[in-house]
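Asks: Taken in order, these protein sequences are the chains called A and B. Taking our numbering, I'd label the letters of the first sequence as residues 1 to 289. Taking our numbering, I'd label the letters of the second sequence as residues 1001 to 1317.
In silico DSBU-like links for lysine-lysine, alpha-carbon gap of 35 Å or less:
id : chain 1 : residue 1 : chain 2 : residue 2
1  : A       : LYS261    : B       : LYS1127
2  : A       : LYS118    : B       : LYS1125
3  : B       : LYS1125   : B       : LYS1278
4  : A       : LYS261    : A       : LYS276
Calculated directly from the structure, the hints in this document are not laboratory data. These numbers were taken from a predicted model, which means no experiment stands behind them.
What follows is each chain in one-letter form.
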Amino acid sequence: MEGFIHQIISGIATGGIYASVALALVMIYQATHHVNFAQGEMATFSTYIALVLIQLGLPYWVAFIGAFSISFVIGVSIERVLMRPVANAPVLTSVGVFIGLLLIVNSMTGWVFDYTIKQFPSPFPDKALFGGFVSGHELGSTGVTLSVLILVYLFFRHTRLGLAMRAAAFNPVSSRLVGVRVGWMLALGWGLAAAIGSVAGCMVAPVVFLDPNMMSGILLYAFAGALLGGIDSPLGAVLGGFMVGIIENLGGAYVVGTELKLTLALVIIIAVLTLKPSGLMGRRVYSRV
Amino acid sequence: MKTFGPIAIFVLLAAVVPTLLFSGYHLFQMTMVVVYGVAILGLAILTGINGQISLGHGAFYAIGAYTTAILMSSWDVPYWATLPVSAVVCATVGFLVGLPALRLGGLYLALTTFALAVAIPQILKHKLFEDWTGGVQGLVIDKPDAPFGLPLSADQWLYLFSLAVGVVLYVLAINLTRGRIGRAMRAVRDHSVAAEAMGINLAMLKTRTFAVSAMYTGIAGSLGAIAVAFVAPDSFSVFLSITFFVGLVAGGAASIGGTIVGAVFIEFVPNLADLVSKAAPGAVYGVILIAMMFLMPQGAGGFIAMIWRRLARPGGQ
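So here's chain A without its partners, still in its complex pose (with noise of 0.2 Å):
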């Protein structure tokens, strides 16, 4: 039993990292209609910055707002210049420029910061806290990306910025009437986006340490999340997000073994698409021919 509960915490814990990346997904999908395939690229790059700034010196935590803010640029320049001009292209180019850029920035991550495995140090003490069902690092990483995650949601609620991004992925033409610069919000989405990736980023990184490839298997379990919980419902997304998490865990644990792990998000995602396209939250497409 003490098992058990302890597989669903570090389920948890897990699940947050992929709540977050599949958010990121999510904010993507809602305003252009793409699935960002280098959203986990992208997280490791920022997860990079990070220890860089860490290595000149600089406190955890000022180097995580550091690593944030950078990773918002480096969003927001991408959307201007690569996806700009492909908005509206058939699936084939966005996915070919999708997967372009994820090889890109995985070698160019490769290529400046060396491929060898690294240490990332991790904010959080490093003990057992409440009987030993959780360690510190756990309890702080969920801590982290669930504010982040409530940062967001009060951003899109509560401020005339988010509103004005949610009605640009909503009804871009009637909000370019209204007077919302449509194209901006839209570069806005894909910064937010990146930066919410450089903290899930930093959040996992101590705990499967930081080499170029380290989000792959992550980016397949936030697929798995935000089909489940519905790829345009971002609520949904984060649910989905820490059930992939729960599922994954307790799956490795008592039903398939860790080897087979990413199989098990493959076989989450087919068995979403195959029975419940929509997702548990999502919106059902209808679409007149």
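Model the placement of chain B on the given structure of chain A, informed by the hints.
Replies: Positioned in the frame of chain A, the structure of chain B alone reads:
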């Protein structure tokens, strides 16, 4: 077929020149060009012509390769006899994968196949199949010698064998895509609703296309396994699937001739780029992918075809 002459000359040259001039590693590279060509051809039938985007064809390549390796090492089946088996296995798997794919439009299919590509090395490593697959270690198979006492080295024979298989598969693919079925595939890609209204059975056509495509890439996997004489789970990582996709885009998604350009590209460019740095092949792939999408959406094949049309009809559009 008025293009028969040039194609026959091309095949003849492709058979004679490398066999006589190249040796050892360079001949092996030519064999891999043929292998990759067939693999990308499978992807082109599915993605380019039928419009179903797959980022996971490395999985079918892996299944083909493992089918051949297991048959050769566990049951001593001769290498040539493994190809039909692997074709059947991969076509079946492709058909089954194609069933859920029916419900997944464009992007979702790309996502699911991407997930398949990420997961496949893990599945191959799993201890349930370890007796057959050799687990992480993989399987070593024997390189075949030339039969009937032909005066050819193993490398030369392997090249000619792969080329012969490749030529047959290319001819079949050209016939398939030029005929009624090929037109139906394109119709489904361009406007599925209209295609259905014209009496095309969408589900049947899409799943069968998936099967044919998987069969092609699977046979390529078999040939690749024979050529490399070794299979291991980590040679079939997601990067292989992405490589096929890069080759497809570089050659031009819907162009059959372009798949050869794409195969040459993915065989030689990484080797050249590797001289610069370990990170360079990925970066080159990425830059090429994005550049192709922006500058030549029809790929090199489409670009050459466009130049050809301009030259053939001077003054015309």
